[in-house]
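Please work from the sequences and hints to get the whole structure.
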Amino acid sequence: MRRVLALLAMLWIAPALAQEAQLADPALEQRARDLSREIRCVVCQSQSVADSDADIAQELRVMIREQIAAGKSDQEIRDYLVARYGDFVLFNPPFKGSTYVLWIGPFAILLLAGFGVAMFFRRRARELARAPELSVDEHSRVVRLLQDGPEDRA
Amino acid sequence: MRRLIFLLPIAIVAVLVAIFWIGLDPKRDKSILPSALVGNPAPAFDLPGLSDNAPRLTLVQFKGKLVAINFFASWCLPCRAEHPLLKQITAEFGVPVIGVAWKDKPEASQAFLAQLGDPYAATGDDHNGRTGIDFGITGVPETFLVGPDGTVLYRFAGPLSPEGLRDQLAPAIAEAKQ
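The listed protein sequences derive, respectively, from chains A and B. Using our numbering, read the first sequence as starting at 187 and increasing by one per residue. Using our numbering, read the second sequence as starting at 241 and increasing by one per residue.
Calculated directly from the structure, the hints in this document are not laboratory data. Quick caveat: nothing in here was measured; it's all calculated off a predicted structure. Relax, there's no trap hidden among the hints.
Chain B side only, calculated, beta carbon under 10 angstroms to chain A, not exhaustive:
id: 1; residue: 275
id: 2; residue: 276
id: 3; residue: 283
id: 4; residue: 342
id: 5; residue: 343
id: 6; residue: 369
id: 7; residue: 370
id: 8; residue: 372
id: 9; residue: 374
id: 10; residue: 375
id: 11; residue: 379
id: 12; residue: 380
Among the chain B residues that face chain A by a calculated CB cut under 8 angstroms, a handful are:
id: 13; residue: 373
id: 14; residue: 376
id: 15; residue: 378
Just so it is clear, CB atoms sit at the ideal spot from N, CA and C, and this is done for glycine as well.
Rendered as structure tokens:
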């Protein structure tokens, strides 16, 4: 049973580790893995390069390790990939002209909605404030109604 | 002015409908990423030939000519499917095709070309796939048009079909020749 579990566990980890040389320095290897997780696999677009088994994803993982080993910064590697594949390779789209709507849009809509709700409540408060005062007779009738129920039934 | 505010939701819906309409265009293939390379200079490469005594492959050799660069591999089935059409690019449009064997054993690429015919003006061996990555390919086959000045003009991702050649690559070649 334990052996079966171990085999299953191997299947589960296998894709990311399969037959790949890892960097000797654990810190650098960790950087390579973190970076692989934020690079989109260009053939299987909802997977990261770290999760994908596609040829090109494997190649990109190897390339990321090579560049890290060569002393490149994470940003330099991202730039290298963006120059070739465009912003599509990044799971975190950069904050720039063409992506303002993407980043700011939800907050703008939230703000607009909040503004609308505020307007609604302010107007209602104003209308309630404008409600006519009850005369003494009317007031005593309200009290009677609340205590005794509808008049018609009497 | 007060009335206009009631038109706002309708305007917003109209904009959203327009966006979704474009997004749902059945002709748009969302699996094909726009190439970051089109309009930019083709990445330089210097690749060994497929056999020991074959010359190295560089783009400089083709400077001043409109060329097609085709990434292929012997292990790639769609490459087999598009193979007969590659000859047509040269025969019909007079555009030489450069073959780059992507992540393939040179002997296997050679056997592939011996079996199916060699449509290429020149071939190179991109053994570690780095030239492919420089071109931003997402797999094989992919075909690029590179202008006389070395600018990437067009990218065709995936296997060429007779329709793809006629409706997409051929117009791109015609435009490049102007």
